[in-house]
Amino acid sequence: MNEDKLIIGGREFSSRFILGSGKYSLKLIEAAVKYAGAEIITLAVRRTNSKDNENILDYIPKGVTLLPNTSGARNADEAVRIARLARELGCGDFVKVEIMRDTKYLLPDNQETVRATEILAKEGFVVMPYMYPDLNTARDLVNAGAATVMPLASPIGSNKGLATKDFIQILIDEIDLPIIVDAGIGRPSQACEAMEMGAAAVMSNTALATAGDLPVMAEAFKQAVEAGRKAYLAGLGRVLTRGASPSDTLTGFLRD
Amino acid sequence: MDNQYFVDSDKLSEAALKKKHSLENDPSSRTDHMQYMEGMEQIKSDIMDKVLSEVRSFDYSQYTARDVNAALNHDTCTVEDFKALLSPAAEPFLEKMAAKARLETQKHFGNTVYLFTPLYIANYCENYCVYCGFNCYNDIKRMKLNMEQIEHEMKVIADSGMEEILLLTGESRSKSGIEYIGEACKLARKYFRMVGIEIYPVNTDEYKYLHECGVDYVTVFQETYDSSRYEQLHLLGHKRIYPYRFEAQERALMAGMRGVAGSALLGLSDFRKDALASALHMYYLQRKYPHAEISLSCPRLRPIINNEKIDPLDVHEKQLCQVLCAYRIFMPFCGITVSSRESEQFRNGIVKIAATKVSAGVSTGIGDHESKYTGKESDSAEGDEQFEIADGRSFDKMYKDMSDEGLQPVLNDYLYV
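Here the protein sequences come in this chain order: A and B.
Residue numbering for the first sequence follows our numbering, starting at 1 and increasing by one per position.
Residue numbering for the second sequence follows our numbering, starting at 1001 and increasing by one per position.
If you are wondering where the hints come from, they were derived from the structure by calculation, not from laboratory data.
Please note that the accuracy of each hint is not assured.
[Unchecked claim] Interface residues of chain A toward chain B, partial, derived using beta-carbon atoms under 7 angstroms:
#1 39
#2 46
#3 157
Note that the Cβ used here is the ideal one computed from N, Cα and C, for glycine as well.
Same shape as in the complex, but just chain A (with noise of 0.2 angstroms):
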């Protein structure tokens, strides 16, 4: 169990829950970062775009490794724009891409996504791209260069959980890159449960940001997380739906 490392851009995390720093007191976020156990932060660039005593930047502490998201980008042009910007003020070389021109139930737009991964790949950026799970456009952002792929498990915000769950496991079955959970998980119990799944790692924000105690919750995900890639690992035990398993088998008939 020691060994069982998240590898993303060639950079190894043992922590499997990636924290979210909007919606809530800049003030709070050190102490969410801590409880939450979280060794990888995201962040919008555009509210980077601020005065030095207001600035986001200021308020995550050393050493966790920063997630600048391109929000606010309506096509890949802009989320270029936005990564590279990121890159230049200094947040390095990871970028989760996320195009939206939805402004509604932000979800983003794949097409435009694949194209942003591509330009960004190629650029050396660690891209990391929100989508809606669907495997063809899985497939194309593997062959876009994308480092991971994250699926929403529901709009972003709404805390509803699963609601795309079995297409989630189409990705986790059929691609190889890590499969991180982004959007929509509203509860530890969810985030335990994409975990079980087989993802590879679960980012939350607005579950925690409107949570009455934000740190304490921030706990509760960790081991949440912590318990769900567990029992991935262990292997699920089987769910016996009628009952019993039948004693004579369909195939006992067969001599050799």
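Go by the hints and put chain B onto chain A.
Just chain B now, with coordinates in the frame of chain A:
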């Protein structure tokens, strides 16, 4: 009961007074407010028809407590649910509405609250809008800042810590032309991270030019969506043309602006119908332009210079709160701005329920930021205010008060791409 809007200044010439009275009393002396004037672009859009047809059929007396309960229990709020929430039947449910609105605000915006300030650069106006302090017949000190003065104002505001600015002018194309506004916007980009405008409606190519000057957000108030009431309140000038104003946000989006805002000025007409129309206007815009960032405001009528008695009539704080909760439940993703027309107490309360943006360090006058911010006597002329503000908190005080309320003030969450 209605406000007494008509005030005669003793500085008006006899001819001007005669024209004013004729406009006020003789509808036949006024132009057709539904006819575009020369130079006004006409776009193909069905949004106005859609909004007005919904408003026409909105009989809010028909809704009952049962409809309100159903609306509060639905996961997503339909247009019918929204109408129930705006009806008088919803008034006893205000606390429940506030609880639901708060949940939606938290889900979409967390505890963040955006701060901005308006900067009026000119108060010349060619319109006679009877309730507005800038109207062309009102005897006020007029002024238009030159670029040097604008830059000075911007420095004072930027030094206070503000990062988002909304540039405003009176509605006078001849005094405050597009290039003048464009140059002011270019200056604003030097001092602020985010620039919005609230100016007279313009054509698509002009919005495009302003966008190139650094503007990404356009606010236009329809004042009232009730066409016949609009006709009685906007007696003269370009602003009289109802459909051209209605379509301003759409032209702005067609020109590439990222976001638009709008609303009625509550208190001018039937506020429930105006609230329905305001939200539906933004709702249909977002459906047609899904990438657009949509924002609603909720201004209520305020007293003006030379007419202290103007008030928002039946739109009391409770009704305003009801409207804002209904907006939030109907459009959870929508920005909601509450201006300094409202009191400190109201704004402190509403940011915890529905509002996502408040102004601070506000002056609706011209060229008076230095005297207002620093208390330093100004040696240059100042222009009069558009209306009386109710919350005069400075940027620092607002920042502190919002933090004390458990909120995270955000000065900028925007990149010009």
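A quick look at each hint next to the structure:
1. 39: The hint is violated - residue 39 of chain A has no Cβ within 7 angstroms of chain B, the shortest such distance being about 23 angstroms.
2. 46: 4 angstroms, holds
3. 157: 5 angstroms, holds
In this structure, the one hint that does not hold is number 1.
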